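Participant: Residue numbers (the numbering used here), protein chains in the order written: chain X, 1 to 152; chain F, 1 to 152; chain P, 1 to 152.
Rather than coming from a laboratory, the hints here were simulated on the basis of the structure. One or more hints might be untrue.
Because identical chains cannot be distinguished in the list, a pair is counted as satisfied if it fits within a single copy or across any two copies.
[Claimed, not checked] Each computed SDA-like pair below joins lysine to any residue, with the alpha-carbon atoms no more than 25 Å apart:
{"hint": "1", "residue 1": "K108", "residue 2": "G152"}
{"hint": "2", "residue 1": "K46", "residue 2": "A80"}
{"hint": "3", "residue 1": "K46", "residue 2": "R89"}
{"hint": "4", "residue 1": "K46", "residue 2": "R88"}
{"hint": "5", "residue 1": "K46", "residue 2": "L7"}
{"hint": "6", "residue 1": "K108", "residue 2": "A50"}
{"hint": "7", "residue 1": "K46", "residue 2": "N32"}
{"hint": "8", "residue 1": "K108", "residue 2": "V25"}
{"hint": "9", "residue 1": "K108", "residue 2": "G22"}
{"hint": "10", "residue 1": "K46", "residue 2": "V100"}
{"hint": "11", "residue 1": "K46", "residue 2": "K108"}
{"hint": "12", "residue 1": "K108", "residue 2": "T48"}
{"hint": "13", "residue 1": "K108", "residue 2": "R43"}
{"hint": "14", "residue 1": "K46", "residue 2": "G102"}
{"hint": "15", "residue 1": "K46", "residue 2": "G122"}
{"hint": "16", "residue 1": "K46", "residue 2": "P104"}
Only a predicted model underlies this, so the values are computations on that prediction, with no experimental measurement involved.
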Amino acid sequence: MSAEARLRELGIALPSPPAAAGAYVPAVRAGNLLVLAGTLPMRDGKVTHAGKVGRDLDIPSAAAGARLCALNALANARAALGSLDAVRRVVMVQGFVNGVDGFPDSPKVINGCSELLLEVFGEAGRHARAAVSVNGLPLNSAVEVQITLEVG
Amino acid sequence: MSAEARLRELGIALPSPPAAAGAYVPAVRAGNLLVLAGTLPMRDGKVTHAGKVGRDLDIPSAAAGARLCALNALANARAALGSLDAVRRVVMVQGFVNGVDGFPDSPKVINGCSELLLEVFGEAGRHARAAVSVNGLPLNSAVEVQITLEVG
Amino acid sequence: MSAEARLRELGIALPSPPAAAGAYVPAVRAGNLLVLAGTLPMRDGKVTHAGKVGRDLDIPSAAAGARLCALNALANARAALGSLDAVRRVVMVQGFVNGVDGFPDSPKVINGCSELLLEVFGEAGRHARAAVSVNGLPLNSAVEVQITLEVG
Numbered sequence: 001m002s003a004e005a006r007l008r009e010l011g012i013a014l015p016s017p018p019a020a021a022g023a024y025v026p027a028v029r030a031g032n033l034l035v036l037a038g039t040l041p042m043r044d045g046k047v048t049h050a051g052k053v054g055r056d057l058d059i060p061s062a063a064a065g066a067r068l069c070a071l072n073a074l075a076n077a078r079a080a081l082g083s084l085d086a087v088r089r090v091v092m093v094q095g096f097v098n099g100v101d102g103f104p105d106s107p108k109v110i111n112g113c114s115e116l117l118l119e120v121f122g123e124a125g126r127h128a129r130a131a132v133s134v135n136g137l138p139l140n141s142a143v144e145v146q147i148t149l150e151v152g
Numbered sequence: 001m002s003a004e005a006r007l008r009e010l011g012i013a014l015p016s017p018p019a020a021a022g023a024y025v026p027a028v029r030a031g032n033l034l035v036l037a038g039t040l041p042m043r044d045g046k047v048t049h050a051g052k053v054g055r056d057l058d059i060p061s062a063a064a065g066a067r068l069c070a071l072n073a074l075a076n077a078r079a080a081l082g083s084l085d086a087v088r089r090v091v092m093v094q095g096f097v098n099g100v101d102g103f104p105d106s107p108k109v110i111n112g113c114s115e116l117l118l119e120v121f122g123e124a125g126r127h128a129r130a131a132v133s134v135n136g137l138p139l140n141s142a143v144e145v146q147i148t149l150e151v152g
Numbered sequence: 001m002s003a004e005a006r007l008r009e010l011g012i013a014l015p016s017p018p019a020a021a022g023a024y025v026p027a028v029r030a031g032n033l034l035v036l037a038g039t040l041p042m043r044d045g046k047v048t049h050a051g052k053v054g055r056d057l058d059i060p061s062a063a064a065g066a067r068l069c070a071l072n073a074l075a076n077a078r079a080a081l082g083s084l085d086a087v088r089r090v091v092m093v094q095g096f097v098n099g100v101d102g103f104p105d106s107p108k109v110i111n112g113c114s115e116l117l118l119e120v121f122g123e124a125g126r127h128a129r130a131a132v133s134v135n136g137l138p139l140n141s142a143v144e145v146q147i148t149l150e151v152g
């Protein structure tokens with residue numbers, strides 16, 4: 001099943017592509033790679049999951065934020081490609097969690113992004129990943145993901 | 001206008017390529033990608049913008065540091081390529097800000113790098129980006145950027 | 001000398017490929033790039049170098065952890081490729097150190113990874129790199145590295 005068909009089957013409507021938070025663009029193609037900008041847990045221009053994970057919000061809530069980051073990244077990818085069916089493979093996810101000092105559970109948070117990619121792309125959604133906790137994210141977001149795709 | 005011509009028009013002289021801060025090299029080419037090492041706000045072997053953003057220096061000062069990081073990255077790229085005119089496109093900027101805990105303004109800092117790339121490369125300077133705050137950077141630098149280019 | 005021969009000469013036996021710490025895979029190939037997942041200082045399923053560098057462990061110990069991260073990454077690469085002799089070049093190392101606030105010595109820690117790569121791959125092991133300190137890593141690891149290779 002194609003990624004666009006799977007999104008419909010899952011009943012997922014992608015958000016509008018988010019506005020860039022600075023002097024950059026949402027996606028750049030280089031050869032067969034589509035490098036997406038980092039995305040935040042935003043909807044309708046507002047951060048929905050803000051603050052420090054482990055103090056202001058818990059891991060399941062932050063994982064829901066990571067899922068929304070992934071949806072925003074896919075919205076950017078669709079805007080760049082015309083259709084997500086042009087995605088051949090998810091290559092890499094860089095996951096950044098706005099965690100309390102010493103936060104050890106960035107993988108559990110970033111799984112919210114990774115699992116969405118697996119739902120949408122199936123086998124082609126299996127990606128390499130690095131997840132870390134950082135001490136601050138744009139607009140005080142709880143999580144940020146940066147995704148690289150291979151395209152046809 | 002070519003990137004080298006634009007640099008001349010802007011009156012920008014690139015710094016000498018910075019020495020590596022460890023067991024790595026300043027640039028590696030893989031296919032049509034030129035992956036640059038992370039660069040710091042250094043000139044003549046000294047860090048010019050040090051400390052925590054939001055405590056030891058403010059956002060405009062850190063953004064000036066990010067601009068200098070970009071100039072050092074371009075010095076590395078020119079040393080690897082012979083001329084910046086071999087750059088086809090700026091693909092990606094990873095921006096790391098040495099911010100106070102919870103620092104939310106990494107995009108404003110990293111804009112100092114991004115805007116320099118737009119000045120030098122014009123349309124080809126438009127890049128994807130991820131910007132985060134981290135709790136420490138090499139030599140106590142206030143900012144570090146890591147840039148990936150597409151080359152001809 | 002080939003990378004596999006060099007490993008034998010150095011008397012280095014790679015660890016078993018580590019289990020993924022989340023919903024991702026250890027390696028993805030895209031064109032001539034092999035993008036490896038972030039790896040931790042683990043052996044036999046246990047983190048061997050945990051805690052904050054600069055408080056719970058010192059730089060040489062953390063550098064030994066970074067070397068083990070690199071060995072785990074190479075174990076993943078060998079599992080994906082069949083043999084490390086398929087590696088044409090090490091392209092990039094992203095190094096994350098779980099440092100105390102303001103930690104300035106991430107390069108010294110990540111050198112433990114970089115030097116191992118130079119030992120194994122020689123000239124082809126020379127890579128670009130970015131090293132930062134973050135406020136937390138998976139399973140409270142002291143260090144994490146994410147490596148990208150060019151393959152034949």
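Participant: Using 25 Å as the alpha-carbon threshold, which applies to K108 and G22: within, between, both, or neither?
Facilitator: Result: close only across copies, 7 Å inter versus 28 Å intra.
Participant: Reference check for the pair K108 and A50, CA-CA at most 25 Å: within, between, both, or neither?
Facilitator: both (17 Å within a copy, 18 Å between copies)
Participant: Within, between, both or neither: how does the pair K108, T48 come out at a Cα-Cα threshold of 25 Å?
Facilitator: both (19 Å within a copy, 21 Å between copies)
Participant: Using 25 Å as the alpha-carbon threshold, which applies to K46 and K108: within, between, both, or neither?
Facilitator: This pair counts as both: shortest intra-copy Cα distance 24 Å, inter-copy 18 Å.
Participant: Is it within, between, both or neither when you check K46 against R89 at 25 Å Cα-Cα?
Facilitator: Cα proximity of K46 and R89: none, with 29 Å in one copy and 31 Å across.
Participant: Check K46 against G122 for me: Cα-Cα at most 25 Å, and say if that holds within a copy, between copies, both or neither.
Facilitator: For K46 and G122, the Cα distance exceeds 25 Å both inside one copy (30 Å) and across copies (30 Å).
Participant: Is the C-alpha distance from K46 to R88 at most 25 Å within one copy, between copies, in both cases, or in neither?
Facilitator: So K46 and R88 fail the 25 Å test inside a copy (31 Å) and across (35 Å) alike.
Participant: Within a copy, between copies, both or neither: where do K46 and N32 come within 25 Å Cα-Cα?
Facilitator: Neither. Shortest intra-copy (32 Å) and inter-copy (37 Å) distances fail the 25 Å Cα cut-off.
Participant: What label fits K108 with G152 when the C-alpha limit is 25 Å: within, between, both, or neither?
Facilitator: neither (31 Å within a copy, 34 Å between copies)
Participant: Is it within a copy, between copies, both, or neither that the alpha carbon of K46 lies no farther than 25 Å from that of A80?
Facilitator: within (22 Å within a copy, 41 Å between copies)
Participant: With 25 Å as the alpha-carbon cut-off, assign the pair K46 and L7 to within, between, both or neither.
Facilitator: Close inside one copy (23 Å), not across copies (38 Å); limit 25 Å.
Participant: Within, between, both or neither: how does the pair K108, R43 come out at a Cα-Cα threshold of 25 Å?
Facilitator: Cα proximity of K108 and R43: in one copy and across copies (22 Å, 21 Å).
Going down the numbered hints, you'll see the structure goes against 1, 3, 4, 7, 15, while the others check out.
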